[in-house]
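Letter by letter, the chains look like this.
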Amino acid sequence: MEKEYTLSIFTENKIGILHRITTIFTRRKINIESLNTSESEVRGVYRYTLVIRVTPEMVEKVVKQIEKQIGVLKAFSHEEHEIVHQEIALYKVPTQAFANGTNVEMIIRNHSAHILTVEPQYIVIEKTGHKEETQELFRLLEPFGVLQFVRSGRVAMTKPMKKLTSYLQELEEASSPGEQTIQ
Amino acid sequence: METQVQTTPTKEKNSSPQPMKITGADAVIRSLLHEDVDTIFGYVGGAIMPIYDALFDHKENVKHHMVRHEQGAIHAAQGYARATRKTGVVFATSGPGATNLITGLADAMLDSTPLVCITGQVPSALLGTDAFQETDILSMSMPATKWNFQITRAEEIPEALAKAFYFANSGRPGPVLIDITKDAQFAEIDYVYEKINKVRSYIPYPKINSQDIADAAKLINEAKQPLLLVGQGVILSGAEKELYKFVEKTGIPVAWTLLGSSAFPNQHELSVGMLGMHGNYGPNKATNECDLLIGLGMRFDDRVTGNLQTYAKQAKVLHIELDPAEINKNVKADVAVNADAKQALMDLIHEVEEKRYPEWYKVFDNYKKIEHDKVIENDVTTRPGHQIKMGEVIHRISELTKGEAVVVTDVGQHQMSAARYYMNEPGSNLITSGGLGTMGFGLPAAIGAKIALGDKKEVITFIGDGGFQMTVQELGTIMESGAAVKIVLLNNGYLGMVRQWQDLFFEKRYSMVELTNPDFIKLSESYGIKARQISAHEDLEDGLNEMLQSKEAFLLEVIVEKEENVFPMVPAGATVSEMRLE
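Protein chains in written order, with my numbering: chain A, 1 to 183; chain B, 184 to 765.
There could be a bad hint or two in this list.
What the hints assert, rightly or not - For each label pair, taking beta carbons as the anchor points, the in silico distance ranges come out as:
(1) Gly421/B with Leu90/A: 34 to 44 angstroms
(2) Val42/A with Leu310/B: 23 to 33 angstroms
(3) Ile32/A with His241/B: 38 to 48 angstroms
(4) Ser322/B with Asn36/A: 28 to 38 angstroms
(5) Lys378/B with Glu136/A: 41 to 51 angstroms
(6) Ala755/B with His81/A: 50 to 60 angstroms
(7) Gln394/B with Glu173/A: 15 to 25 angstroms
Source of the hints: derived by calculation from the structure; they are not laboratory data. No residue lacks a Cβ here, since even glycine has one placed at the ideal position from N, Cα and C.
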């Protein structure tokens, strides 16, 4: 059974890493539903957050193949209950939509959305939340004429407390040459 | 820990590590010398000209072999690497030079062969502009390399090359590609070379978990009908001696994958043969009868397992493998040891009990007899009035060379026949394109192997008439280098393996498998390579002797039976125990 998985991938800041990661999905014909990247709490370590729908067996294999790439520090897969996640959506609606009564205003209030900017011709609204929530607001605003709509990739935090720095410390030790059979 | 090494190569190794001002191109060559490279396979071209110019000054320290096509260069480097376990080095220019390497990269990636390929690239200012002979080789080669990197500044050269050699030939080996823009080759730098043996995102040799070793030993000690499957991981980690000791102690029957053919003496009493689609009958049947299946330095490729749903379901599986991504990829392991084969065997040997399995051995003896009666005897025995068979030729060469030659094959029926009938003794080697199945691999790989081994070893390549013509231009490389490769061209006038499948699975509808061939003897002689054609049994012995006694390269064309099928066979996707004998 396919399920939604959120992957957190920590990498060095090197050109081409994203390509190496995406080829692993391409070759198995897995669609990337959402993708976000930014620097993590550790300087120089980048964090990719991806959402994919695959079977549990598949996610295990894919994560190992990602982690195997040189430049990737750690890769994790998470199910919904293991993470706190969020997305941000922006909506551009005509200013005149606000002219007819208080409907739009109520919708914004009820959905804890914010107005980012008010221009003579349009207003930009911002909403953070899960995909269903930002999608619901889109559905409600649609009758008023949404001029543009955009949603970010998912960002996610894991619930366990282990720090990235301790993973990095483990890597430091594991990658050091010891009494190994190096030819 | 990074080790500081001298800035100047080979002859002045004791000099102090003072930076010296040189060009990027010179830095490339000096970096190679620091990595003890003495052989390069390559093809010159526009964007790599500065590097070839620098090579001119180092002719005494490094030998460059000019091939006839870049694919030939990379396969030759693969043959070199697999014959020596050293890293093979390739030069190619940008654009078509670089793209011609792709097949070899993919081959080396699947067969874990250490390579460093250096490609020239258009000047950095022209990147992305569709400049003449510009190609995005970095993106193209990404899924076919263990690591790759583009150098646009000369300062990056020493570190990038140090990393390239470290990645290529540590852990699970693989191909690395370094793309260097022409301006970086021309620019001057203060050159200092430091070897690299640590990068934090790369764990070549994971620390062995002692609990895993204990669990593995428990499985082994409790087994009543164990079967050991050995792969190339044993050869790559140099664990042949440790494997031998382990088998002598535990008494476990040994089967091998195609690439693991020379990991264990093929004629040993505990050797039960090759696994897989065209492997031996016993190990395939026994896979579904054993109670413990031990995979050592192998990856349960689909050509080994057949249908995974019915593969060794009755058995516990112990998987000892260096690459964690291979564990549980195809076959779920009950116990997995993530380790280099040598290290794992060294730890395990103390934990396992000395044992013999007389009843279990009888099972293999029985299968061996069945296979011998139904297949082998027919394959290797001369039948007057019939055409020569591939098996006969290979079997006889195996006897004449006492299993001590390095055997290189191309891909197809002759490859399977060579794997089945050339009996590898320790120290010999079977160099073949396993994972990718690259037709055209044989001739250039044999050249690379012969250049590596020189007079130390006889290098014999078995090639079909199809594969031979895919890289036949490398006869020119033999002519130029003088590499004394012995070429056994097994000519049946067909693409035999595809014809066999059309015979068995496509109602004998022979589609595009019959070849109209040139006169191979004249072709060979036009390159100055001695050649002889044999088609009658009575000439075979004399022909083989003439070839083996030749001090120079020799092509022996043997006209073999046109429609011979290779058996036994596990049809694609079938269960291993349903192996067909006819």
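Hints versus structure:
Between glycine 421/B and leucine 90/A, the C-beta spacing of about 59 angstroms breaks the proposed range 34 to 44 angstroms. Checked against the hint of 23 to 33 angstroms, the pair valine 42/A and leucine 310/B passes, with Cβ atoms roughly 31 angstroms apart. Between isoleucine 32/A and histidine 241/B the beta carbon distance is about 47 angstroms. The supplied range of 38 to 48 angstroms therefore holds. A C-beta distance of roughly 22 angstroms is found between serine 322/B and asparagine 36/A, which places it outside the suggested range of 28 to 38 angstroms.
Between lysine 378/B and glutamate 136/A the CB atoms are about 58 angstroms apart, so this pair departs from the stated range of 41 to 51 angstroms. The hinted range of 50 to 60 angstroms is not satisfied by alanine 755/B and histidine 81/A, whose Cβ atoms lie roughly 41 angstroms apart. One distance hint, 15 to 25 angstroms for the beta-carbon pair glutamine 394/B and glutamate 173/A, holds here, with the actual separation near 18 angstroms.
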